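Whenever a hint applies, use it, and build me the whole structure from the sequences.
Per numbering that gives the first Met the number 0, residue 0 is the first one in the sequence shown, and the count goes up by one each step.
Since the hints were made in silico from the structure, they are not lab data. Here the structure is a predicted model, which means the values were calculated and not measured. Some hints here could point you the wrong way.
27 Å max Cα-Cα, derived BS3-like pairs, lysine-lysine [to be verified]: (1) K286 <-> K162; (2) K218 <-> K168; (3) K283 <-> K217; (4) K218 <-> K286; (5) K217 <-> K146; (6) K283 <-> K162; (7) K217 <-> K286; (8) K162 <-> K146; (9) K217 <-> K162; (10) K218 <-> K283; (11) K168 <-> K286; (12) K168 <-> K283; (13) K218 <-> K162.
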Amino acid sequence: MAELSFREAIAAAIAQEMARDPLVYFIGEDIGAAMGAAMTGLRPVAEIMFSDFLATCWDMIANQVAKTRYMTDGQVSLPLVIRTANGGGTRFGAQHSQSLENWGMAVPGLKVVAPSNPADAKGLLAAAIRDPDPVLFFEQKSLYGAKGEVPDGEHVEPLGTAKVLRQGKDCTIVALAAMVPKAMQAAERLEEMDIDATVVDVRSLVPLDTRTILGAVKKTGRLFTVEENPRLCGWGAEIASIAADECFDDLDGPIVRITTPHVPLPAADVLEDAAMPSVERIVKTVKGAFG
0 MAELSFREAI
10 AAAIAQEMAR
20 DPLVYFIGED
30 IGAAMGAAMT
40 GLRPVAEIMF
50 SDFLATCWDM
60 IANQVAKTRY
70 MTDGQVSLPL
80 VIRTANGGGT
90 RFGAQHSQSL
100 ENWGMAVPGL
110 KVVAPSNPAD
120 AKGLLAAAIR
130 DPDPVLFFEQ
140 KSLYGAKGEV
150 PDGEHVEPLG
160 TAKVLRQGKD
170 CTIVALAAMV
180 PKAMQAAERL
190 EEMDIDATVV
200 DVRSLVPLDT
210 RTILGAVKKT
220 GRLFTVEENP
230 RLCGWGAEIA
240 SIAADECFDD
250 LDGPIVRITT
260 PHVPLPAADV
270 LEDAAMPSVE
280 RIVKTVKGAF
290 G
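See the structure below:
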């Protein structure tokens with residue numbers, strides 16, 4: 000095991016896959032030639048510097064990249080990874096701080112991945128590069144400097160698998176990307192208040208590991224989602240809907256979503272911190288649900 004930053008783990012994954020497969024290549028930021036390369040047999044890893052800039056090429060991604068395999072009846076596959084820095088917390092303002100993973104989640108044909116730590120960043124990116132379908136790979140920009148143990152040698156984590164990071168008996172907190180370490184810190188504080196929380200790292204929104212998430216909810220009877228994306232149509236709404244359908248008789252209270260409000264994210268540090276879910280807000284919300 001080696002201690003790597005999130006940023007170094009991303010680079011390690013790309014280097015690992017380029018060494019393994021000569022068809023893999025990395026194409027610089029904001030270049031639009033990746034679709035044709037994938038259609039002709041290469042495995043490009045393209046970069047959109049900030050996820051906000053997906054808006055400038057969304058027609059190509061949503062209407063062409065996502066649909067080509069379906070519209071050709073599987074004759075043409077698109078093994079394409081689009082990496083992008085996502086989310087807030089770095090004071091870049093409304094046009095450079097959006098959390099847009101729910102955009103990709105809404106388009107059939109796209110896989111959507113958002114790791115929370117260096118080991119998953121390496122393993123999930125390697126899996127995304129090997130996947131035959133297009134993958135949007137969201138890297139929460141405030142995590143780039145975070146460090147953690149990363150397995151040496153070839154490391155691949157399967158897409159479509161959530162991970163239970165902490166087992167508890169009283170409630171389940173489901174989080175993604177930069178919200179995961181906040182959920183873990185909140186769970187530690189809640190334990191001091193005699194509330195024992197399970198924490199689930201979603202990791203992959205498409206495919207979505209409902210088995211792991213619902214299994215945790217059925218054991219604890221309560222579900223809280225922690226979402227950086229704006230509240231309206233966030234990914235947690237889909238998980239809440241699925242849990243309400245599948246776990247209704249197991250629930251001991253209403254499903255609660257802890258989100259960023261439906262507003263452009265401010266650049267001012269105090270306002271940005273107030274808008275995004277914090278450890279304090281998670282603790283207060285969960286504790287409040289228990290009375």
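Cross-check of the supplied hints:
At roughly 24 Å between alpha-carbon atoms, K286 and K162 fall within 27 Å of each other, so this suggested pair holds. Restraint check: the Cα-Cα separation between K218 and K168 comes to about 7 Å, which is no more than 27 Å; the hinted pair holds. Proximity of K283 to K217 is assessed by CA-CA distance (about 23 Å); at most 27 Å being required, the pair is judged to hold. For the hint pairing K218 with K286, the CA-to-CA distance comes to about 19 Å; that is within 27 Å, so the pair holds.
The straight-line distance between the Cα atoms of K217 and K146 is roughly 33 Å, outside the 27 Å bound, and the hint therefore fails. For the hint linking K283 to K162, the alpha-carbon distance of about 24 Å falls within 27 Å, and the restraint holds. With a CA separation close to 19 Å, the supplied pair K217 and K286 stays within the 27 Å bound. A threshold of 27 Å between alpha carbons decides the hint, and for K162 with K146 the separation of about 19 Å falls inside it, so the pair holds.
Taking the CA atoms of K217 and K162, the gap is about 16 Å. The hint holds against a cut of 27 Å. Restraint check for K218 and K283: the C-alpha separation of about 22 Å stays at or below 27 Å, so the hint holds. As the CA atoms of K168 and K286 are separated by approximately 14 Å, the hinted pair is consistent with the 27 Å bound. Distance check on the hinted pair: K168 and K283 sit about 18 Å apart at the alpha-carbon level, within 27 Å; holds.
The hinted pair formed by K218 and K162 meets the criterion: a straight-line CA distance of about 15 Å does not exceed 27 Å.
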